[in-house]
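A.B. asks: Each chain, written out:
Protein chains: 2
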Amino acid sequence: MRPSAKPSAAKSSTTKPRRRVARAAAPKPYHHGDLRRVLIDAALQLVGEGGAEAVSVREAARRAGVSPGAPFRHFPSRDALIQAVAEEAQRQFRAEIEAALAAAPAGDPLGRFRCLGLAYLRWAMRNPTHFEIISSRRLFDHDRAAAISSDNAELIALTEQTLAEAFAAGQLRSADLKQVQIAGRALVYGFARMNIDGHFPRWGVAGPEAERTAEAVLDLFIEGIAKRS
Amino acid sequence: MRPSAKPSAAKSSTTKPRRRVARAAAPKPYHHGDLRRVLIDAALQLVGEGGAEAVSVREAARRAGVSPGAPFRHFPSRDALIQAVAEEAQRQFRAEIEAALAAAPAGDPLGRFRCLGLAYLRWAMRNPTHFEIISSRRLFDHDRAAAISSDNAELIALTEQTLAEAFAAGQLRSADLKQVQIAGRALVYGFARMNIDGHFPRWGVAGPEAERTAEAVLDLFIEGIAKRS
DNA sequence: CGTGAATGTAAGCATTGATTACATGGTTGA
DNA sequence: TCAACCATGTAATCAATGCTTACATTCACG
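From first to last, the protein sequence lines stand for chains A and B. For the numbering used here, count along the first sequence from 1 and bump the result up by 32. For the numbering used here, count along the second sequence from 1 and bump the result up by 32.
Please note that a few of the clues may not be correct.
One copy or two, either will do: identical chains are not told apart, so a pair holds if it fits within one copy or between any two.
Stated by the list, open to error - Each computed SDA-like pair below joins lysine to any residue, with the alpha-carbon atoms no more than 20 Å apart:
1. K210 to R244
2. K259 to E197
3. K210 to M226
4. K259 to V70
Simulated from the structure, these hints should not be mistaken for laboratory data.
Produce the entire structure from the sequences given, and follow the hints as far as they go.
C.D. replies: Structure representation (structure tokens):
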């Protein structure tokens with residue numbers, strides 16, 4: 033990667049000789065144990081430090097205490113590593129959304145829609161790193177992207193269904209559910225990305241004020257699409 | 033950059049010998065003329081081809097027909113080059129917005145607000161490359177970023193003022209202008225970025241359907257914040 | 001116990017951002 | 001006029017990166 037960006041501290045090398053010594057804690061086994069997982073974590077950490085483009089295979093290997101070529105046993109390319117991180121993040125995201133929706137009251141579809149948006153915003157505020165890597169479709173191979181996209185498509189279908197119920201219950205003023213849904217997605221996505229991209233200088237990232245504002249903005253939108261009493 | 037991404041065609045080298053020949057069109061003058069401008073254009077082209085992270089100083093130099101070190105006479109770093117591109121884009125963006133606002137009818141503040149949002153969306157749809165490079169604040173040096181940020185701050189102030197006029201004219205239902213403004217920004221920003229990030233698979237980028245949907249979504253939002261008749 | 005597959009290492013290639021020393025030529029002032 | 005200056009370009013070089021290939025080590029399973 034760009035050389036100037038990585039001073040890259042030397043790794044702490046208290047490497048004992050290779051022979052097994054009883055009572056000494058495993059002095060660097062040849063096989064790492066769960067390198068794949070550790071690499072994903074390291075990559076995630078790198079995303080958090082300098083954005084998705086700051087992820088370097090070598091640096092991830094360095095942090096895992098492993099040779100520069102080792103990661104390629106688990107990921108055929110740098111993009112594949114990043115994609116694995118994205119899949120992990122997407123999994124967590126989806127689980128959170130579904131949990132929030134499961135906990136929402138069943139009687140009030142528009143309220144459920146609100147819960148959905150709120151869970152989205154909260155997760156994006158609290159895990160900006162994860163959200164960033166999910167958000168850009170450009171990072172994915174178009175082959176395996178299907179897995180993620182279908183996950184995403186399921187979430188989209190969920191919001192569509194919720195909106196349809198809300199409309200059936202007479203809670204919406206507009207009948208064009210498709211547009212309402214796109215507008216809602218654009219709103220939460222835009223808020224989350226503006227936060228990540230640094231358009232809200234007042235709060236750093238996350239923090240209670242960010243979440244309060246996010247909630248207020250969501251409520252503004254929902255009142256806007258709701259049928260007036 | 034990542035080696036695999038750039039097969040990088042050899043440059044067309046019909047280089048005549050260095051000596052000046054009458055009637056032969058300038059056979060590669062030592063000084064380029066306006067290298068800075070050409071580099072910015074090349075970088076912009078690169079952003080369009082593979083995103084902001086695909087910009088490589090060497091490739092820009094290659095396309096400008098110049099040695100790999102030359103760009104550093106004009107930009108102290110790769111980021112500085114990208115930032116120059118961003119400044120150029122921001123200038124165009126701002127000019128477009130102000131033109132649209134100048135052409136908007138004076139009597140109807142909310143209508144002016146709509147024009148503003150529409151100009152924003154249209155520009156972002158038609159110049160996704162420019163918009164992408166403007167949108168991420170992470171690309172900027174925090175020193176010179178002031179120039180861009182202040183430009184942006186002026187635009188924000190413009191929308192705030194327009195909203196204030198709309199409220200004064202009794203066109204808004206909410207008195208919390210700050211939140212309305214943030215929601216509006218999030219909506220258009222989100223729509224534009226979702227388009228860039230590939231969340232709208234149906235239309236490629238731009239195209240009439242994208243713009244029609246953008247307009248419809250904007251109208252939905254504006255009806256949502258408008259006082260009902 | 002032994003053998004093959006899985007996983008890690010070492011070395012190397014092409015490419016990149018950046019720096020340095022040197023070459024070139026437009027501009028300007030005496 | 002012309003020589004000195006300085007902006008701008010080239011050439012060579014360095015460290016870092018993604019990725020590949022050949023080799024080493026260890027685990028798992030017969």
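A.B. asks: So which hints don't hold here, by number, going up?
C.D. replies: Hint check: 4 fails alone, others pass.
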